[in-house]
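Peer 1: Sequence:
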Amino acid sequence: PAQYSNLPIMRLAPANVSSLEGLLYPDSFDRTPVTPASDIITQSLTAMYEHLTPSLQQALGNHGLTPYQGIIMASIVEQEVSQQTDRAQAAQVFLSRLKQNISLGSDVTAFYGSVAAGKTPSLHYDSPYNTLLHPGLPVGPISTVSDSSLQAVAYPASTDWLFFVAGDDGTTYFSRTLAEHQALTNAHCHKLCSAQ
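Take 910 as the starting number for the sequence shown in our numbering and just add one per residue.
None of these hints come from the bench; they were simulated from the model.
What you are looking at is a predicted structure, and each value in this text was computed from that prediction instead of being measured.
Each hint should be verified, as a subset may be incorrect.
Now the in silico label distances, taken between C-beta atoms and shown as ranges [unchecked claim]:
| no. | residue 1 | residue 2 | range |
| --- | --- | --- | --- |
| 1 | 914 | 964 | 38 to 46 Å |
| 2 | 1064 | 1086 | 19 to 27 Å |
| 3 | 1091 | 947 | 46 to 54 Å |
| 4 | 1035 | 940 | 16 to 24 Å |
| 5 | 1066 | 963 | 21 to 29 Å |
| 6 | 947 | 1088 | 51 to 59 Å |
| 7 | 920 | 1037 | 20 to 28 Å |
| 8 | 947 | 1069 | 41 to 49 Å |
| 9 | 1066 | 1045 | 16 to 24 Å |
| 10 | 1064 | 1088 | 47 to 55 Å |
The beta carbon of each residue, even a glycine, is placed where N, CA and C say it ideally should be.
Modelling step: build the complete structure from the supplied sequences, incorporating the hints.
Peer 2: Next up, the structure:
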């Protein structure tokens, strides 16, 4: 990351950031067979900064998030919810949990941390990414982020949900209480939940 430190996006990341994870915007960039990888990385980092408009940064700030924290949250939403139409609701769940000091409880953060440490995917591996074991946001993004996930975090749904589960049918089921969540998990998540 040091060679890209002069790019505007890097001013939005912590000074000690050691990875470009989440800061690279997923897009197609002009290249030829001899285009240096550093040029493509520079284009991708520049594109991410362009997508983090001042109004988006302000909207993230309205939720108490720095732009980098917004990217972290968007990366979780990106990995947790496949249907774009459900992302604003999932973002609302995570933002509500964060505000109420409830662990985010995201399986994908646990899996990311264990795989990043060279382990098999695990919900129980103790890494600084595991939001099942540690409160607050993980130490960094867990994937690239799309506009829909950034927008979802900046402009979440207005609901009072605190839980959701991705069902085997691809539907995301939202709930307000742990009992409702458990009932929805039992009813709709057999294959996916048993694999965890």
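Peer 1: Take the hints in turn and mark each one as holding or not.
Peer 2: Going through the hints against the structure:
1. For the pair residue 914 and residue 964, the supplied restraint of 38 to 46 Å is violated, since their beta-carbon distance comes to about 26 Å.
2. Between residue 1064 and residue 1086 the CB atoms are about 25 Å apart, so this pair conforms to the stated range of 19 to 27 Å.
3. Checking the proposed 46 to 54 Å range against residue 1091 and residue 947 shows it holds: the Cβ atoms sit about 49 Å from each other.
4. Range check, residue 1035 to residue 940: about 40 Å between beta-carbon atoms, so the 16 to 24 Å window is missed.
5. Judged by the Cβ atoms, the range 21 to 29 Å given for residue 1066 and residue 963 holds: they are separated by roughly 23 Å.
6. Between residue 947 and residue 1088 the CB atoms are about 52 Å apart, so this pair conforms to the stated range of 51 to 59 Å.
7. Taken as a hint, the range 20 to 28 Å holds for the pair residue 920 and residue 1037, whose Cβ atoms sit roughly 23 Å apart.
8. Between residue 947 and residue 1069, the C-beta spacing of about 46 Å keeps the proposed range 41 to 49 Å intact.
9. Range check, residue 1066 to residue 1045: Cβ separation about 22 Å, and the 16 to 24 Å hint holds.
10. Checking the proposed 47 to 55 Å range against residue 1064 and residue 1088 shows it is violated: the Cβ atoms sit about 30 Å from each other.
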